[in-house]
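4 protein chains.
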Amino acid sequence: MEKIVVNEIKMPKTNNPILIGGLPGIGNVGKIAADYLIDKLSMEKICDIFSQYLPPQIFIDDEGVTHLSRNSLYYKKIDGKKEIIIVTGDFQGTTQEGQYELSYKILEIAKKLNVTTVYTMGGYSTGRIVEKPRVLGAVTEKKLKSKMLKSGVVFPKGEPGGGIVGSAGIILGLSQEIFAMDGGCLMGETSGYFADPKGAKELVKVLTKLLGIKVDVKDLELRSKQIEQITEKMQEEAINKGQKKDDLGYFG
Amino acid sequence: MEKIVVNEIKMPKTNNPILIGGLPGIGNVGKIAADYLIDKLSMEKICDIFSQYLPPQIFIDDEGVTHLSRNSLYYKKIDGKKEIIIVTGDFQGTTQEGQYELSYKILEIAKKLNVTTVYTMGGYSTGRIVEKPRVLGAVTEKKLKSKMLKSGVVFPKGEPGGGIVGSAGIILGLSQEIFAMDGGCLMGETSGYFADPKGAKELVKVLTKLLGIKVDVKDLELRSKQIEQITEKMQEEAINKGQKKDDLGYFG
Amino acid sequence: MEKIVVNEIKMPKTNNPILIGGLPGIGNVGKIAADYLIDKLSMEKICDIFSQYLPPQIFIDDEGVTHLSRNSLYYKKIDGKKEIIIVTGDFQGTTQEGQYELSYKILEIAKKLNVTTVYTMGGYSTGRIVEKPRVLGAVTEKKLKSKMLKSGVVFPKGEPGGGIVGSAGIILGLSQEIFAMDGGCLMGETSGYFADPKGAKELVKVLTKLLGIKVDVKDLELRSKQIEQITEKMQEEAINKGQKKDDLGYFG
Amino acid sequence: MEKIVVNEIKMPKTNNPILIGGLPGIGNVGKIAADYLIDKLSMEKICDIFSQYLPPQIFIDDEGVTHLSRNSLYYKKIDGKKEIIIVTGDFQGTTQEGQYELSYKILEIAKKLNVTTVYTMGGYSTGRIVEKPRVLGAVTEKKLKSKMLKSGVVFPKGEPGGGIVGSAGIILGLSQEIFAMDGGCLMGETSGYFADPKGAKELVKVLTKLLGIKVDVKDLELRSKQIEQITEKMQEEAINKGQKKDDLGYFG
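Chains as they are written, first to last, in numbering that gives the first Met the number 0: chain P, 0 to 251; chain C, 0 to 251; chain Y, 0 to 251; chain Z, 0 to 251.
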């Protein structure tokens, strides 16, 4: 079989859309943000990507109906002019080769749709819960930095020290070196211990500012508060069991 | 070499056979059920599949004769009209790529034989021995559910939580998305600790009902009872050694 | 690059040579036997096989000169009529794919040289040092058994239980299923704890009988005795340190 | 995508340049030496190599600008006649296949640039800090040894015992067997515990002698001294904490 199979559903005619990557990863913040935008903007699925670089796995919904693991692209023209394409899915490519090949294929589709700018979203693991997650940035060209700074992105020197590993990094890297696109990466801070709507909320806020569109983040706020209540309760219980506050790095 | 080599033995002319997958897996229930059906229905082998996705291993029979590891397809027309094809073998593909490629190749052969419906059989690990194993189901389309329900399949919400991994999942997933076939997966409950004829027996009962054919399950019942006697004996011995009943999750 | 590169040195015109496989493996008995035969029969190297299925490694000889890891084929016509080809090397293929591809390539070369019979040599791990190692056998066809029995090969039922894994198995399996050759596998018993000339000596004795050629095994006997003296000394020292004889399974 | 993508920047017309390999490895001495030579000789980058054999990773510089992981070739004609090409990069190929493929591609480019001689640089791990690191050598042909001996390379018998693994080995091995080039490997002794400018300094001294060019090693001397001061301090602290001098193998 082809290592990657693209099932086109309804490919749009596009002028100059922006590609946004939000695949599962650290704290799942990129995927949560992507799913949220797809939902809130009522984006339409334009194609499915099946691949042997994804786990040989099917999922079962509440009706007992199966769903083969995949990546998918969604499209929307906002206010009659701003076009965005979001890619998300069940998994990132599970091998190094898969990371490159799937990212390359996504960019190939994006190229055909006249994409010249790419933003990828990912998580930046802090190892402890953060009160107010920052959104860290990286850009393919220095001149793109000022626009990102204006949208609330921070560029702390030497962070992340090890660079960006995985699809948020490699989609951007290939877009820059092979596809002559430009763009940036947005990394939402997250403890990394659980699926984290708080970091995702910050990503949505920054990205929508960057794109000049409006998306209400109330639902993500609500989900963040629910998570906070759970972790606070766990902290209290730990303290009651005699642990010192200093030992609670995991939760706080 | 070709990554997969198909040695055709005697390919039948077929009208609309049903493909049944029963490769080794959890508790080996899918393979035990498949081997049982092949034997009881006196099915004929139509082709062997050799592949570098299978372990580089040969087996030796009691006569000292070697047998290269493989998957094989068997065929039978029952009552002059019902055609079934069963695929089983020594191993599933050992890598993610191998899972996809072997499943794809099996479906390619099935397509040539005019298959439009696929049932895969697998095990659902309960982690403890179950008195009466259920057969859990999943379907590629909602409308197929009622027929499976009538055959005794259950569809508990949220089970299996992680979806279906391996050949029982991926054969079904690819049949649905790439080959435009439909069908379902049957998962026999099993402790998962040993090759389990009990779960296999339930699979055979459900599948034969679904196919509208008759296969006597006496031999599987006998093998199930032998296994039960062994595990009961082990439980008693454990109790005599002073273990509490509650500690015996492994056996019961 | 090609995944496998064959550097032909001096390919002979052959009539119906027998291919003998002796690559590194359990107790290294197959390779020791192969190297011994190549040396004693003054066989000529006919080709080198380089491959990315072998480790990315070079060796350095006592002169400081490098040698890229490889497999090699050697040829000899004995008594003006008996032709043998031996394949040995630094490593077996390191992956499942590599095991298949390298074995296939060796058989492809063998096919061109008109090989129709293949014997592979390997080790059979006993887990303890054996006084007199047996040579276990397996054959691709039952009718080949009597000749092997006459040469001293034994066929104990159910041994080896897990079949034969690695090049000794897969070369034979592919020769049988894909290349329409026949033959057998010879497994010399060995503790498996070190490179074992004793098991290799038995392989040489059995194989030369099978081929109807004469090779003196004195040097392997000498090396076996040296190894025996070392292990006996280690046993004595262990006993002097107060260990019971029963604890010495590793050495005895 | 192509498994390896070469982005040519400015390919020079060359007569008979020498290829020098210095990719990351043990103690990073090969890469440190390569980077130092590129800097001191003001070499020009002639091409970038991107590949799925390298980690799916981007790096971020102090300005927040991204850099996809890569290997690169640099070129310089010294004194109007001596031409050298250095290959270095962020990583070696991460898999066995990647080691072969990337090395092969580098040699393919080198071949087009009329390279006939190759020197690779690597580290030789001593497991303890060495006062005066030696540079060990290996050659593709015995006749090349005398020139290397004159440049200060040593050829101790049986060292390195396990041969040379990784790019320093495989580039040399493939250059010899597939590309009909010759050359040698230079291995700088290093503890292997940290990026080690001391071993790199010795590599630079030996290599420049071998090439008949002059490069001042002052900066590497300075960096070596800084490292020495740090490790001496750590030794003293360990002694003050009551550890015996003999326990300090790690640092001394």
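Just so you know, the hints here were simulated from the structure itself, not pulled from any lab data.
We put the CB at the ideal spot given by N, CA and C, even for glycine.
One should not assume that every hint holds.
[Stated by the list, open to error] Heads up, incomplete: computed chain Y residues facing chain Z, CB under 8 Å, no partners named:
{"no.": "1", "residue": "Val4"}
{"no.": "2", "residue": "Glu7"}
{"no.": "3", "residue": "Pro54"}
{"no.": "4", "residue": "Val153"}
{"no.": "5", "residue": "Phe154"}
{"no.": "6", "residue": "Ile212"}
Do the hints match the structure? See the list:
Satisfaction of the interface hint for Val4(Y) is found here, the shortest Cβ-Cβ separation to chain Z being roughly 6 Å, below the 8 Å cut-off. Given the 8 Å rule on beta carbons, the hint for Glu7(Y) is violated: about 13 Å separates it from the nearest Cβ of chain Z. At its closest, the beta carbon of Pro54(Y) sits 6 Å from a beta carbon of chain Z; the interface hint therefore holds under the 8 Å criterion. Interface restraint check for Val153(Y): the shortest CB-CB distance to chain Z comes to about 37 Å, outside 8 Å, so the restraint is violated.
The closest approach between the C-beta of Phe154(Y) and any C-beta of chain Z is roughly 37 Å, which is over the 8 Å cut-off, so the hint fails. At its closest, the beta carbon of Ile212(Y) sits 32 Å from a beta carbon of chain Z; the interface hint therefore is violated under the 8 Å criterion.
Comparing the model with each earlier hint shows violations of hints 2, 4, 5 and 6; every other hint is respected.
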